[in-house]
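Below, each chain spelled out in residue letters.
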Amino acid sequence: MRSVLGDRRAIAVLLGPALLLYTLVMLVPMGWSLGYTFFTGNVIEGFSFDGLGNFTKLWQDPQARSALRVTLEYGAAVTVAQVLCGYLLALLYVFVLRKSSAFVRTLVFFPVILPTVAVALMFQKLFAIAPQKGLAGIAFEALGLHHGDWFASGAGAFFVIVLMDVWRSMGFYGVLIYAGLLDIPEETLESARLDGATGWRLIRHIVLPLSWPVVLSSLVFSINGTLKVFDSVLALTNGGPGSDTTPLTLYMFRTAFSYGDYGYGSTIALLLTVVCLGVTLLIFRFSRRDPTKG
Amino acid sequence: MTDTLTAPARGQRTEPGPAPARRRRYARHLTRNLLVTLLVLVEAAPLAWMLLSSFKTQAEFVNDPAWSLPAHWGFGNYTDAWTNGHIGLYIRNSLLATVPSLALIILLGVAAGFALEVMIWRGRHQVLLVFLIGIMVPSQMILLPLFRIYFQAGLSGTLLPLIITYTATGLPLTVFMMATYFRAIPREVFEAATIDGATILQAFWRIGFPLVRNAVFTVALVQFFFIWNDLLIAMTFTNDDSLRTVQVGLLNFTGQYGETSYGPLFAAISINVLGALGLYLAINQRIIKGLTAGAVKG
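Taken in sequence, the protein lines are chains A and B. First residue of the first sequence: 1, per the working numbering; consecutive thereafter. First residue of the second sequence: 295, per the working numbering; consecutive thereafter.
Incorrect hints may appear among the rest.
[To be verified] With beta-carbon atoms standing in for the labels, derived distance ranges:
1. Gly35/A x Arg386/B: 35 to 41 Å
2. Ile44/A x Gly382/B: 33 to 39 Å
3. Gly35/A x Thr373/B: 37 to 43 Å
4. Gly382/B x Ala130/A: 25 to 31 Å
No lab work stands behind these hints: they were computed from the structure. Cβ coordinates follow ideal geometry from the N, Cα and C atoms, glycine included.
Could you build all of it, start to finish, from the sequences and the hints given here?
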């Protein structure tokens, strides 16, 4: 019987096309990019061997350091805010709105599917100062929080990007964590309540530990996306003012396509890859410990 | 309905004097309603503002405050965005790139998921791990060699680079998710089919594929939004204005008119938002239908 499920010809037919395409379009270019890191130049001018030149350049490049900082700061800020807002939304759905949460859930989820470029252009106008002050600018001014041009300072522009990406994606994490919270058996909550656990204590000692796996997958999923941020930044601030909001992804794109340096561009891409893998491993390492006992 | 986090307040009812309890319940309702109203406002107000503004004239954009309403309701901005702004063309390009990619991702991804999870052979776990690499590694790592390959193969100037790249980058997640879904189906189902005379390929096509139909729908949906909303790959491999996808076109929209043509820009954004909204409403019903159907079969 095993022979039917071990039919080599069938395996080749089923797996072959996917594996071949994946190898040719992803694995081979990955290795190829690694090779590029030892060269300088581009397709038009030709390549010349540069040894470890790109790596010493990367180490000393203040712009690369700034881009790495933006990537890490953005990744940390948006991931924490997304998952935290998602968790609060999920608590709202499950414990406050209960059966009537469908409408709010559907509404808050909607921006998730909107094209990033469209949302970014919308936020640009919401925080614009010309030709007329945008709606969000007016609202923040009314609260006495910020005056003047949001995009004139690095901090202001950074805040708008973070705000936009949290606005866009908190509904997704809300639904993801909501599904996780629904899996907590009602009897568990009930017996905890009988033991006198309510409000914050119920969340802290019962709900949070039981939903930790879904929080963890949300964090991994989120950080994997936020470290690769490109569309939001490019469409909203174009990395500006100056290069204050330029992350590694955008810096790599500029280096390769605007300045025509494929070798250095690939080196930046490699740094980004190492950061992505490193951070993901770090989260998994951290997660082995029980967070509720920390 | 069971008690929840707010349960203790309900217990207060037994205490003497119902007035404080009622007041507390009232305060709770008020907080809840305020919270929900604020949430709805934060989510919906920007979108509503943009839709309303898309009807304004250039003079209204420049002279009136941002919260003012348009004086006339006409679709001039929309026709302008669709024809002069080429949004119609860009949507066509996006469809031409997305639909074939999606079909290929599903076909190849489901088959590979089946081969890796249902079929039994040495090395299948390792191959699945190799696919996992593709989920983690950023696209920046493959762009430059691909750019060179497509250029030298003479594919630049067509939508083929987009279709090939989207299909390949969509495969890792699809293969991984499909393998997970096939794990839930006992192998005996397929073995039984082969006893009845079907080959394993027929068993996959006639039994395996229909069994994971709902999962395929979910995966297709996720991939559709990834591809439709992609900017990086589309920007890298479309060098010609006439090949731009919606996202690239929208990004360059301001450039085409100069900074001042606000009406058509707002209309172009609104077309994108309304399209997404239409699709979203349709999908929602489909999901609800799927859920209830499953519950009835139970």
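Status of the hints after comparison with the structure:
no.	hint	in the structure
1	Gly35/A x Arg386/B: 35 to 41 Å	holds, 38 Å
2	Ile44/A x Gly382/B: 33 to 39 Å	holds, 34 Å
3	Gly35/A x Thr373/B: 37 to 43 Å	violated, 51 Å
4	Gly382/B x Ala130/A: 25 to 31 Å	holds, 29 Å
In this structure, only the earlier hint numbered 3 is contradicted, and the remaining ones agree with it.
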